[in-house]
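Protein chains in written order, with numbering that gives the first Met the number 0: chain A, 0 to 326; chain B, 0 to 274.
Hints were generated in silico from the structure; no laboratory data involved.
Don't be surprised by glycine CBs; every beta carbon is placed ideally from N, CA and C.
It is possible that some hints are incorrect.
Here are a few chain B residues that face chain A, going by a calculated C-beta distance under 7 Å [claimed, not checked]:
{"no.": "1", "residue": "Thr94"}
{"no.": "2", "residue": "Gln98"}
{"no.": "3", "residue": "Ala102"}
{"no.": "4", "residue": "Arg103"}
{"no.": "5", "residue": "Thr114"}
{"no.": "6", "residue": "Phe116"}
{"no.": "7", "residue": "Pro136"}
{"no.": "8", "residue": "Ala142"}
{"no.": "9", "residue": "Ala143"}
{"no.": "10", "residue": "Ala147"}
Computed beta-carbon distance windows for the label pairs [stated by the list, open to error]:
{"no.": "11", "chain 1": "A", "residue 1": "Gly88", "chain 2": "B", "residue 2": "Gly90", "range": "27 to 33 Å"}
{"no.": "12", "chain 1": "B", "residue 1": "Ser138", "chain 2": "A", "residue 2": "Glu236", "range": "38 to 44 Å"}
{"no.": "13", "chain 1": "B", "residue 1": "Arg33", "chain 2": "A", "residue 2": "Lys105", "range": "28 to 34 Å"}
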Amino acid sequence: MNARIVSVLVGVLALAVWPLVTGSFGIDFVAKTMIYAIFALSLELLVGTTGLVCFGQAAFFGLAGYAAVKLSPEGATAALLWLLPMAMGVAALYALFMGALSLRTKGVYFIMVTLAFAQMAYYVVHDTPLGGGTDGIYLYVKPVLAFGSITLIDLDKPLAMYYFVLGSLLAVFGFLALLLRSRFGRALAGIKANEARMRAAGFSTYPYKLAAFVLSGAIAGLSGFLFAVKDGFVNPELLSWHQSGAVLIMIILGGLGHLRGAVIGAFAYALLQEFFKSEAIFGAFAKHWLLGMGLAIIACVALLPRGLIGVTDRLKARRAPQPVQAT
Amino acid sequence: MSPARPPEGADSRSEGQARSAKGASLPQTVLRAREVTRRFGGLVAVDRVSIDLERGRLHAVIGTNGAGKSTLINVLSGELPASGGSVELRGQDITRWPQPRRARAGVGRSYQRSTVFPRFTVLENCRLAAQSRHQRPWSLWTAAATCAVSLPAGRDAAARAGLADVLHTPAAALSHGQRRQLEIAMCLATEPEVLLLDEPLAGMGAEETERMLALLSELKAGHAIALVEHDMDAVFRVADVITVMVNGAVLASGTPQAVRANHEVQAAYLGVEET
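Bound conformation, chain B alone (with noise of 0.2 Å):
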């Protein structure tokens, strides 16, 4: 699924092989949390929280404002370090990684707010995630604008999130819907194998929803997908798992059906609509 690697990647190579050895495989856990906790004094974000994401599922996190969703993806994908806990990535011990390390390693993630370049093209954003792959910042007589291969690795990257109509659009010139896709095609140019998502679906229209709907369900083939929302009806329809949290907490976890039947989840949450 995922497209060719360079042979110039020299640092993400054998991880690469790494991954393309396991890929045939039948759904196996690519990024595992143990009892993963984050405190901010004496608040307790994230409270002992273990979770399994695994390749070719989605796994939802929801809860209300607050439970932690958000800080959860923050310690998983390296931004803020955990207060306790581990996080494994294909089995080696990734806690103590800064971010940097565990994004060149396959873990990708999106921001909540867009947080691409303003200034710069749908192109340029691609491609400059792109050239995380290969930085080479030594080689300074190639333009990084005719790059061989983040060049067309931002492109593919740009079409694969349906951009390949605005590429030379400045990103601050986007709709919001295309500003949340950029997002994803940003993700996706670093070539990561887990997809920790914040959001996507935020302030979307129904249309732009139904597109982002179907290209998670697309990117579920060839990644380990986690999905915070609080849109419950694109959840429902999307997750293979899905992952109540509460205060911090997991309060349950299990599939779609067992989740909406699950007493608890129906008292603290399923039954507050959402905002």
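Extracted from the complex, chain A is given alone in its bound form (with noise of 0.2 Å):
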């Protein structure tokens, strides 16, 4: 328990931190690497807390990226506390109407079906006016935190994004783990421990489950919000399945059922990615990242069956053997 919190401590710390030490490379990578890091959080509440395997989770961070950009008024500064809410609306809305109808499929079928919606959205924002098609996108005016003339945050300002988005993090991170120890998030526990004997006990949980999907579509959206107005452009690929795909590998990297399980994963597969892209170690051959990328992937679910988190328990382990007992 305080190893945790201490664990959490200095994560927060160094990341408070962080743009002290490093150059604007260093804050840009940090910061996308956080909003990542937020989106596999949303997914953690799915797939680790509910049991719900979501392979359509892009939909919600695209979305909302899109919202964000088409709901700015066009050559003027957007209210953050107006468009923020707007972009996670459409993401949660988004949400609602997937999962009110994915969710009466099980196991497989819910994944295939939520990976048809996020599809479906796809799709939409590449063929269709509405989205500008294959080039996305520009936001030209980010948002601001104002009150009159006193302007709070601006998100054009690269330390002001790095810290919004830390805080969103930090945010997000609190509230999931509040609702993990209550009464809803221990109902989501025993939905996907035996679902059938919540439905037993007298647990409707097509409402649950509804309600932990808005949730992290919203919680996605937020993500999405983040991500477009830091990079001021969105495209379609930020909808592409190649994006729901990655952040369900970060939160297996991380060690599913936990909330630092996301993060840490989240912050693997960013320094995996930029191992296997660097040109000064590999070469000609960095071209060919994702293969290498795949493989390390592979090696490491092999070798770590509870994801990085588990590796301080096996250390532990090692060091003193512990009666068995089921954990």
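Using the hints, put the two standalone chains together into the complex.
Right under this line is the structure:
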């Protein structure tokens, strides 16, 4: 328990001082990775907590990103306080639609139906004038949080963006930690462990799963919003199934069933990607970074079945063998 | 007999009051099934079965494997919809109610194979079951583990089922008999009025069986119990009414003496040694 809190605090502190010791590339890289960590946390709520393997998470990410760009007034600054809830609301609304229908299926069917819904959204932004086609759309003026003439947060400044992302990550992490220990969270854990038993006890599980789905969509929407605002650009690739797959790999890499796993997984994924893309290390082979990345992920999953978060438990167990008892 | 209901449990409160108002009277029908039928394609698993479950009486359902006993439990608990017939709870038609709604209205069930939450502790298994009575999913600030309503209710249910000593043991680490007790405890934690028990004695040793039978006799006073069981000695010891099913239909129903004396039953079932 204490070690857990300490590890979270150390992580927060490191992220808070990071901009002081690095340049603009470092700030941008970590900000982007933290955005993916929020994205991963949203999926962790579904996969790790509720046992719903959603393969369409990119839809929420991308739709919120597009909403941020499309709903920004042209040539004028948008109010963050208005734009952010709107973008999250669009994602949550799509999650409500997608969840209401897909949650009637189970297992592999659920995975495929969520993928289908995400592909549907992908083709809408890809092939209709609404989404600006393959080229995507630019967001020229970034939203600000201002009261009267006092600007509190200007997301056009990289440092402000960085700390806004960090604050969002902490808020999402804290919210989910609170949620998991609440009665709602325990009910979700029960649904993951044994849904039939939960129904027999008197829980109508469908509304619970739908609520989790919509929450997850809204959080994924937050990350999509941040991504679009940080880059000032959206394109259909934000909604592609590669994104859904990547975020799924992040939480598996980090360790399912732990909020910290999702964050660690997002960072591990980003670092692996940078490593295999590096021409300084791999030279011409860096072009084929996906190959190395794939092999590394397969190795990780094979060697660490409980993810990176399970490593500390393993080390502990090796040092002092504990009596055999279920976790 | 049933513990005081929490003041919070708004959605089940009126039902609870109705229960306690009737509670004082003599045996009365709580759950009534009329000509209940369940078909799987061409197979009639449950064929026009009528059964009354009364408070204070233990109603055993026996029959060979495949006689439709478990399917009957599934239909009564709402896990499977009935293909025909009706189910009434305290005079109200619940035939179309889904399982969670029936459970909240007081129809509890246990499973033949233990279906507890293996990674949770005994207490958390019971507490979570008790939580179904006052779910409050929106109250995010309260930690479930310290919930002032479901925690005592869960602890109480565990104690009634004889698990007070192993509250903090993960369910997966329990013995087989204890896991069966936990099944009952989780059922009790939802404060049911009807208990549908699917082979609670399966695979139990002699001592564990004795303990479970004592628990069943104790629970009889406050609940209407249906017991599906293969252990004939046990059934004839605790049952007040026995219904014999063959091929999905009721062959005979009555007091243990009457059933034992029934020639058809002897021919069809009791003469054959059960495994």
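#### Entry: Violated hints, by number in ascending order, as checked against the structure
1, 10, 11
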